[in-house]
Amino acid sequence: MSNENKSPRVTSPRSTCACGGVASNDPAPRVAPRSRTAAVFWPAGGAVATLPRVPGWGAAMSDKEAMPSGGASQARADTISDIQELMRRKEEIEAQIKANYDVLEGQKGVGMNEPLVDCEGYPRADVDLYQVRTARHNIICLQNDHKAVMKQVEEALHQLHARDKEKQARDMAEAHREAMSHRLGQSERSSPPQAFARVNSVSPDSPAGIAGLQVDDEIVEFGSVNAQNFQSLQNISSVVQHSEGKPLNVTVMRRGQRHQLRLVPTRWAGKGLLGCNVVPLQR
1 MSNENKSPRV TSPRSTCACG GVASNDPAPR VAPRSRTAAV FWPAGGAVAT
51 LPRVPGWGAA MSDKEAMPSG GASQARADTI SDIQELMRRK EEIEAQIKAN
101 YDVLEGQKGV GMNEPLVDCE GYPRADVDLY QVRTARHNII CLQNDHKAVM
151 KQVEEALHQL HARDKEKQAR DMAEAHREAM SHRLGQSERS SPPQAFARVN
201 SVSPDSPAGI AGLQVDDEIV EFGSVNAQNF QSLQNISSVV QHSEGKPLNV
251 TVMRRGQRHQ LRLVPTRWAG KGLLGCNVVP LQR
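Residue 63 in UniProt numbering sits at position 63 of the sequence shown, with consecutive numbering throughout.
You may find that some hints are simply not true.
[Unchecked claim] Mimicking DSS-like on lysine-lysine, the simulated pairs with C-alpha atoms at most 27 Å apart in a straight line are: (1) Lys151 - Lys167; (2) Lys90 - Lys147; (3) Lys165 - Lys151; (4) Lys98 - Lys108; (5) Lys167 - Lys147; (6) Lys165 - Lys98; (7) Lys98 - Lys151; (8) Lys165 - Lys246.
[To be verified] Between beta-carbon pairs, the in silico distance windows are: (9) Ala173 - Ile80: 16 to 26 Å; (10) Leu157 - Arg124: 26 to 36 Å; (11) Ile80 - Met112: 33 to 43 Å; (12) Lys271 - Ala175: 49 to 59 Å; (13) Lys147 - Gln84: 45 to 55 Å.
The hints are simulated quantities; they were obtained by calculation from the structure and are not laboratory data. Backbone N, C-alpha and C fix where the C-beta goes; we use that ideal spot for every residue, glycine too.
Use the sequences and the hints to build the structure in full.
As structure tokens, then:
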């Protein structure tokens, strides 16, 4: 056969497609710009494959991080829901990748790298070149989508584990505080209150006598004065001077029992505002 009878050789210039694959001038899928959805459109009325993004993934996750502790449970539930949605998308993408590999397998097993021209450089006649190029293009784009989804899954899992660690730390701190409070309460109940002064005289019909103070009562609390802040009898005198006509809570120990009294410093027929004498206890 002479060279004059041969058909002219088809040599289509090659270029790189948007998703990293190799495309020719033959009709091939066009990839729409990816923002919240990634869609592959076929020219001339072919099939359409759409892969929805998880709504507001990046921004929504940062908003959840800023939630107060009261919304931590809801944030965790939302994160789990997002992970489940991402895993569903991952499985869908893997199924589509397998379907496209099946298309290549049905075309003489050409795979992703098998040449589509014969030894003389002519397009192969034993395979559907359009189907092969389309399947290869889809696989490359879907593999990119798969990587992106897996990265989102990894980020979501990190955030979920971080929330769980924070919750565990909060729970442990709360349990520690409760245990300390419980031990402190038991200690206070088991140890008798510490007195800092003793009543050594009470005048009849005096404010102290009317309140129920008795000789040898040991004072545990006198208004705001207690064993921790008592320094001298001047502390009691100052409280009395600033509380004239106002009731004071006074706690005393009497023969091993605790008594709560209500004392109102008042001017009366005797000396002072109380009508009693108090001396500090020597500890």
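Non-conforming hints, listed in increasing numerical order | 5, 6, 8, 10, 13
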